[in-house]
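Novice: Here is how the chains run, residue by residue.
2 protein chains.
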Amino acid sequence: MASASATASGGCQKIRGTQLHELLESKHNVLFDCDGVIWNGETAVAGAPEVVRALKQHGKRVFFVTNNCTRPRQSYVQKFARLGFADIGEQEIFSSAYCSAAYLRDVVTFSGKVFAIGCPGVHEELRDAGIAVVEEEDDGPDVNISNCALDPDVRAVLVGYDEQFSFMKLAKACCYLRDSECLFLATDPDPWHPLRGGRITPGSGSLTAALETASSRKATVIGKPSRFMFECIASQFDLEPESSLMVGDRLETDIVFGINCGLSTMLTLTGVSTFEQAQVYKDSGEPEKKDFVPDYVVESIADFLEALEA
Amino acid sequence: MASASATASGGCQKIRGTQLHELLESKHNVLFDCDGVIWNGETAVAGAPEVVRALKQHGKRVFFVTNNCTRPRQSYVQKFARLGFADIGEQEIFSSAYCSAAYLRDVVTFSGKVFAIGCPGVHEELRDAGIAVVEEEDDGPDVNISNCALDPDVRAVLVGYDEQFSFMKLAKACCYLRDSECLFLATDPDPWHPLRGGRITPGSGSLTAALETASSRKATVIGKPSRFMFECIASQFDLEPESSLMVGDRLETDIVFGINCGLSTMLTLTGVSTFEQAQVYKDSGEPEKKDFVPDYVVESIADFLEALEA
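Sequence lines, in order, name chains G and L.
Heads up: the first sequence begins at 63 in the numbering used here, then just goes up one per residue.
Heads up: the second sequence begins at 63 in the numbering used here, then just goes up one per residue.
Take the hints with a grain of salt, since some may be wrong.
Same chains, same label: a pair holds when it works inside one copy or across any pair of copies.
[To be verified] Straight-line alpha carbon distances no greater than 27 angstroms define the calculated BS3-like cross-link-like pairs of lysine-lysine that follow:
| # | residue 1 | residue 2 |
| --- | --- | --- |
| 1 | K351 | K89 |
| 2 | K280 | K351 |
| 3 | K122 | K344 |
| 4 | K352 | K280 |
What the hints contain is simulated information worked out from the structure, not anything from laboratory work.
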């Protein structure tokens, strides 16, 4: 019998037990998305802490690759500990906020200031990387887009998830982007995120779409499915695509990211996307939909435990 | 010599004097966009009040067709008077706010409440049309998208230009649109607007793009280039497309609108689009760009004065 990893490219194959054991044996690196994969909100996916520990005990390297830009990495370290994950360090965590800062520092060797739309995660990662950020000001009641101050040193606009998003932030960003030399970055393209109780909240991709329309420009997207987050890991660790597995819950970001980077891909059903959606992409026959079809599907990463012991 | 109107379909023809005289002779109705055509901000385009008066004296019917949704029509009447235009009445003014209200009242015979993102113009026109609108509440500091109140009677979301646009408004609209029965309307698709001093401000189209991305839905657009604003005029006046001329300053809205409705089209160069941009569309040879090419181009509608006297 051929091994699972040799047979299932883009196969959307439900996998567990011995086949999953063989797949994990064939990989040295496991990249996990966070939201919907290892936790949902403040609750760890059942068994996830044990899975991460067991993978490491089996000599695997584990990385966390998240489009969530709300927290700085130090806050992720605390969340991992709070939710029962042992010994997760900053160096294992690649968030879109951290990678955006790394892109500015290492790829474009940025100088000038960044006008950042985003949560504290974005601002703190930029500052930690030595990138100057425009301080947010409380515009008075008589300040509007016609008369507000614009910082002449701004050379980049970065858009991430921001619950304080406002018309003035959008309008200021729009004015900065009139200078074609001003970089336009987005932490990630996620259109929305699920909340408890069935509600959803707009994602960075939604805010970016507003600015793309207003500025007639396209953002450079740092987060998944862009390849940059993998390059960011690979620049710090010796990482071969063929020995790496990407595990995620969103076909349009996690799975496309894995395929873009030449990784094996696995959908886990504890988050946003469903097995049926993956099947629809597979059965559509449209070539451009092939990038949305995972190699493998598991109900939960908890299935790894049994497989590792098999 | 053939008349101007017979020779210049999609021809991007610069026109004045006798040819413009012949064109105006052949039309009974003149539809003007406002911003960039008859005024810029609080300044009338030089000669525009005289042009409107002269057209009426020559027996033409004049309509104002604007995507600007910030004001109710009564406020437009006051602005026309303030800027020296004589005797302009509400019935001649078709704004995207008024037409959105008319669409809800007359086309979909709406019942329920509208969650409206927009300036007073939108709210007042909805109320004048007898449409119930969700009252804006000042959410307290502990209110967020997870716990905020949502009105169970909302059956439509309408997005227009809104300088008070916020993450909470976007997130609430997004939640309402999860109900596939909830209508999703946009006053207009304008991506941005010029301000004095070289700045720009995001338009309704920018805010709509955010909500389209977050909701995974497409808005029904009421304003230009949608046909509805012409249908709205035609339902109140006996208006034939072939005897009507659309004059605007934006190729992507005004000119496309005119072509969508079967009108003759004229670009005036006192606003956003340039003659060079129109030429680029014309010379591109791409079939889908033909709808961006006006039949005629004038430097300013002030050129009408000489032509009417010719």
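Novice: Take the hints in turn and mark each one as holding or not.
Specialist: Comparing the hints with the structure gives:
1. In the homo-oligomer, the alpha carbons of K351 and K89 lie at most 27 angstroms apart inside one protomer (26 angstroms), although the nearest pairing across protomers, at 51 angstroms, exceeds that limit.
2. Taking the shortest alpha-carbon separations for K280 and K351, both the intra-copy value of 22 angstroms and the inter-copy value of 21 angstroms come in at or below 27 angstroms.
3. For the identical chains of this complex, K122 and K344 are neighbours neither inside a copy (30 angstroms) nor across copies (60 angstroms), given an alpha-carbon limit of 27 angstroms.
4. Proximity of K352 and K280 under a CA criterion of 27 angstroms is satisfied in both settings, with 24 angstroms inside one chain copy and 24 angstroms between copies.
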